[in-house]
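Trainee: Chains A and B supply the protein sequences, listed in that same order.
The numbering used here puts the first residue of the first sequence at 1, with every later residue one more than the last.
The numbering used here puts the first residue of the second sequence at 1, with every later residue one more than the last.
To be clear, the hints were calculated from the coordinates, so they are not data collected in a lab.
Accuracy of the hints is not assured; some may be wrong.
[Said to hold, decoys possible] Here are a few chain A residues that face chain B, going by a calculated C-beta distance under 10 angstroms:
#, residue
1, Lys2
2, His3
3, Leu6
4, Pro45
5, Leu60
6, Val64
7, Ala78
8, Arg93
9, Ala95
10, Thr99
11, Ala103
12, Leu104
[To be verified] According to the in silico footprint, chain A covers these stretches of chain B (three or more CB under 8 angstroms from chain A):
#, region
13, 14-23
14, 94-101
Note that the coordinates shown come from a computational prediction; the quantities given were computed from them, not determined experimentally.
Even for Gly, the Cβ is constructed at its ideal location relative to N, Cα and C.
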Amino acid sequence: MKHLLLKLEPLIWLLFGQGILIGTMLLTGWILVVGLLLPLGVVSPAALGYDRAHDLASSLVGRVFLLALCALPLWKGAHHVRSLSIDFGGVNRDAAVATLVYALAAAGSLAAIIAVVRL
Amino acid sequence: MARPVHPHAMAASRPGRTRTAPPQAASGWYAQPRMLRYLLFDATGILYLIAGFGVLRALWALGSGEEAWQAFLDRLHSPLYLAFHALALVCVVFVAVRFFRLFPKAQPAHIGPAKPPPQPVILAGLYAAWIGVTLVVSLILAGWIF
């Protein structure tokens, strides 16, 4: 498994790097509006009513945006959780932790692809 | 108490003639301010994982019809969700500020025949892109444009 992880490292680092850069840029507005301003009543509920939300999300740009918004933070999260595990003495369990967190990110990314296709 | 660290940490690129003891982390290493900030940066990964799956949940609800989407929006009013999103926003800003400061320093001296722009220009570009993307995404989601 360690050998496979080393082979996949360039791909993992690419997704991790884009997770920090693009994931952070996209997440800020999403968390601000959907997570805070909408429930606090600053933004009208009509703005994300089903019809408008579905129209926005099901466009090509909307699907690509939502796929990046979902998948990239997962890879940033997975890689940093692995790094945190190593920092706290998890060298011996690294292969298992890495496999688990990257599998989680891969499963989430696959589910995100299915989710944007079925919109 | 001192404890062993990653076997490759601080290792020489090629083995020397003199054998050295394995590297040890100093006691209380995690409480030192620089290390604490580094660990917090890593720990934001937990929030990013949850936030990513949160977006997936939203996507799935949207694809499942009006009722499921409305149920998702209603859940966002829970204090637990609000607290999580407030913490997630702080984390995202922390990651952006720390990463943007690091990014210009990590650029190679040359990219082919070209030299990368000066560090302050890269930093300003990153902040401009972040603020611009956040503004556009926020205005669209809030229904103020489009």
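Trainee: Against this structure, judge whether each hint is valid.
Mentor: Results for each hint:
| no. | hint | result |
| --- | --- | --- |
| 1 | Lys2 | 13 angstroms, violated |
| 2 | His3 | 16 angstroms, violated |
| 3 | Leu6 | 12 angstroms, violated |
| 4 | Pro45 | 7 angstroms, holds |
| 5 | Leu60 | 14 angstroms, violated |
| 6 | Val64 | 13 angstroms, violated |
| 7 | Ala78 | 7 angstroms, holds |
| 8 | Arg93 | 12 angstroms, violated |
| 9 | Ala95 | 13 angstroms, violated |
| 10 | Thr99 | 15 angstroms, violated |
| 11 | Ala103 | 12 angstroms, violated |
| 12 | Leu104 | 7 angstroms, holds |
| 13 | 14-23 | violated (count 0) |
| 14 | 94-101 | holds (count 3) |
Comparing the model with each numbered hint stated earlier shows that hints 1, 2, 3, 5, 6, 8, 9, 10, 11 and 13 do not hold.
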